[in-house]
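Participant: Here's the letter readout for the chains.
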Amino acid sequence: MSFLDETGSDLLLGNEAIARGALEADVACVSAYPGTPSTEVTETLSKYAKQTGVYVEYSTNEKVALEVATAFSWSNLRAMVTMKHVGLNVAADTFMSLAYQGAVAGLVILTADDPGMWSSQNEQDNRIFGKFAGVPVIVPSDPQEAKDFTKTAFELSEEVGAPVLLRSTTRVSHTRSPVMFSSLGENVKQANQRKGTFKPDIVRFVSLPANARKNHPKVLERLEQAVDFSRKHKLNRREGTGKVGVITQGVEYLYVKEAERDLGTQLNILKLGMVYPLDKELIVDFAKDLDVLLVVEELEPFLEEMVKATLYEAGLSVPVHGKDMLPRIDELNYWKVRNALEKVLNMQETKPQIAQVPSLPPRPPVLCPGCAHRNVFYMVKKLERKAVKPSDIGCYTLGALDPLKAIDTCIAMGASVGLGSGMGKAQEGRVISTIGDSTFFHTGLPALVNAVYNRSKLTLIVLDNRITAMTGHQPNPSTGITATGQVVAHLDIEQVARGLGADYVKSVDPYDLQALEQAIKEANEYTVAVIVAKQPCALLRQRQLQRRGERAPLYAVEEEKCTGCRICVNLLGCPALVFDRDKKKVSIDEDLCAGCSACAQVCPYNAIYEKGLGGEKNFNIVNDESRARWQQWYTTLF
Amino acid sequence: MVYNIVLTGVGGQGILTAAKVLGKAAMMSGYYAAVGEIHGLAQRGGSVIGFVRISENAVASTVPEGTADLLLSFEPLEAIRYINYAKKGTTFVVNEAKMVPVSANLGNTVYPSLEEIRKSLEEFGPCHMFDATSLAKSLGSIIYVNSVMLGKTASVLGSLIPREVMEKALSEVLPRDLENNLKAFSLGYQVS
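These protein sequence lines are chains A and B, in that order. Just so it is clear: in the first sequence, position 110 is 110 by this note's numbering, and no numbers are missing. Just so it is clear: in the second sequence, position 117 is 117 by this note's numbering, and no numbers are missing.
Honestly, the hints are just simulated from the structure, not real lab data. Treat the hints loosely; a few may be bogus.
[Said to hold, decoys possible] Taking lysine-lysine and the DSS-like style, the derived pairs with C-alpha atoms no more than 27 Å apart in a straight line are:
(1) LYS351(A) x LYS119(B)
(2) LYS343(A) x LYS87(B)
(3) LYS137(B) x LYS617(A)
(4) LYS47(A) x LYS168(B)
(5) LYS585(A) x LYS137(B)
Start from the sequences and build out the full structure, keeping to the hints where you can.
Facilitator: And the structure:
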């Protein structure tokens with residue numbers, strides 16, 4: 001079974017199913033900024049770009065990605081843009097105006113929401129964004145629907161002329177289940193790389209106030225047409241009969257169905273595929289003969305409030321339950337839904353038998369062995385305990401955890417630089433901001449300009465590992481490779497910072513702790529200082545070395561010299577360092593060691609050595625040879 | 001019928017790959033399969049949980065707490081961490097090779113002994129504990145741990161998913177280095 005087969009079925013991740021749906025819809029462009037849980041859509045399509053002729057790009061941020069996709073739509077080519085929920089905040093400025101201007105060819109915006117915040121800073125409910133902007137919102141329940149609805153979303157967008165918000169959640173995007181294929185789009189099948197034509201339309205495409213006033217009524221017209229479309233294409237469907245009604249959507253629908261089976265009861269279900277605009281006639285028709293109605297939806301009472309208003313307008317007084325029985329925070333699950341159903345069914349509530357988890361050593365995610373971020377945080381903490389230390393979104397947010405504890409804040413993409421710029425004015429102390437390469441390009445750039453322009457005292461350390469690591473290694477401008485593997489110029493952050501007018505700019509190898517220390521000290525003499533810590537993602541580098549049949553040198557502990565002081569463990573917290581409580585000695589797990597040498601450099605007893613190939617022990621860690629090796633890792637990773 | 005499998009371990013051990021193999025094998029055996037994964041930040045050396053549900057109907061991919069039929073743990077401590085998914089009669093397949101979390105190295109907390117772990121699991125149901133990591137290493141690398149674990153799982157699942165189907169699913173998901181993965185599977189299958 002191959003992803004590009006014409007027919008058949010396969011076990012697909014929800015995000016792969018969305019990618020497949022886009023190919024069946026004959027999409028011409030897919031753009032994205034990676035973000036969990038959305039990433040695999042564009043990742044999948046990037047793999048098949050050549051075979052399908054689809055233009056795939058990683059854009060520098062979600063706003064740019066939306067604009068790129070819009071350009072294709074306005075050139076009469078179908079386009080999709082994918083992002084995580086908070087990405088839509090970044091794209092919001094364009095998104096809100098785009099709603100007025102509309103789509104030419106189908107334009108689908110995937111927002112992958114993250115109820116429960118598995119890998120996000122909030123659990124905002126982006127269905128509300130659709131209502132806010134006045135664009136239709138489509139919500140699939142499982143991978144099969146994710147594929148089918150993606151295709152439908154393109155048709156809806158094209159038919160009514162609105163961009164369409166396809167709203168997935170972690171439990172849809174990251175569920176793998178059987179998906180039946182339909183045929184691929186004609187252009188995709190022939191791998192046609194398409195060029196469209198942009199036809200100017202001043203009133204529509206130039207958002208001057210006079211034009212915008214003309215475009216606003218169209219938003220409402222499109223919403224009315226979307227309701228007609230949803231009826232024609234049966235996006236909302238009814239199941240079952242009876243006096244107990246349930247309105248639901250998304251993965252919540254599957255919880256309802258499973259509970260219904262287990263309770264041995266029959267519910268009257270309205271499953272919505274288009275959650276905005278609401279088909280009011282359908283709601284009234286569904287509710288008019290019910291005794292009670294339960295709205296089962298994760299997060300906000302989005303449907304519940306609209307349903308209540310609709311029934312009030314229609315003069316119906318059927319009791320409507322929702323957030324009085326189901327939590328407004330976190331994901332829903334089988335038990336929560338089952339217990340709510342038991343309540344509306346006047347059944348005895350089933351208390352699940354759940355064993356208590358004893359107190360255990362916690363295992364939070366940690367920076368990988370060999371990760372150079374660890375070295376930067378170690379040094380920042382050593383030198384600048386009192387500084388204000390804003391940081392950002394990426395693996396390096398883990399710098400907040402024990403034992404590094406070298407960051408104070410994390411708000412949103414790029415905020416380390418804006419907040420740092422403000423902290424330089426708001427208080428007297430030193431400010432050291434840390435940000436990754438991809439996040440720097442995403443939204444760090446304008447804030448750095450701000451710091452330079454407003455003369456804010458700030459040291460910015462860019463943790464340049466040449467990849468967008470946390471989401472699974474997508475390329476970015478520092479990588480020098482595009483989404484589809486085209487080699488382009490590596491955008492050197494040192495040059496960028498110089499160009500922006502920073503007062504002090506220095507590239508350092510964070511594996512060389514002395515050099516790192518010197519740079520952080522020097523930076524203090526300047527107003528805006530930018531240090532670019534250049535060392536590639538250790539996880540990726542280890543894989544690359546393995547592929548080339550090479551390996552990083554391993555490090556080991558000389559037992560007689562180790563005093564068991566645990567300074568290496570306590571300062572670095574590297575998972576490869578193991579402390580033996582009985583022997584009171586540290587050892588290095590060779591399966592994990594990535595050969596960064598940081599432990600050897602911090603050991604006050606010089607007890608850690610590099611293992612030579614012939615078994616010799618090298619205690620002189622930082623030398624011309626090792627520096628050259630580390631530099632080579634950065635320059636020749638790709 | 002719903003058969004609930006919970007997979008736990010440490011990010012990087014190949015848990016999601018194993019879940020995918022189980023899901024494929026279930027689908028090949030004529031069932032609906034739902035595999036639940038968590039990606040992103042959660043995978044960096046942290047505790048990981050995945051789900052596989054084998055069913056006749058479409059179901060959500062999350063296993064409800066207190067309903068696991070099989071708990072497959074790639075690391076002993078992680079079996080206890082997700083004991084809230086177990087019920088009376090849960091079968092456990094546990095790799096007994098410890099990975100000591102940084103928090104225990106820092107001296108804040110103590111890693112329980114294997115015997116303590118086994119005892120608390122056996123309060124629920126049968127527990128197959130063995131050193132999957134050593135078996136993997138005997139083939140040259142720890143990367144074969146998931147194939148070893150899948151082999152043992154196949155022997156536990158018995159007729160629900162036949163061994164040949166699991167091997168076929170394995171070969172579809174891990175076509176590279178298949179020979180060693182099948183050997184690892186076999187080592188796991190034969191372990192008592």
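Participant: Hint by hint, note whether the structure agrees.
Facilitator: Taking the hints in turn, this is what the structure says about them:
no. : hint                  : result
1   : LYS351(A) x LYS119(B) : 26 Å, holds
2   : LYS343(A) x LYS87(B)  : 25 Å, holds
3   : LYS137(B) x LYS617(A) : 25 Å, holds
4   : LYS47(A) x LYS168(B)  : 24 Å, holds
5   : LYS585(A) x LYS137(B) : 25 Å, holds
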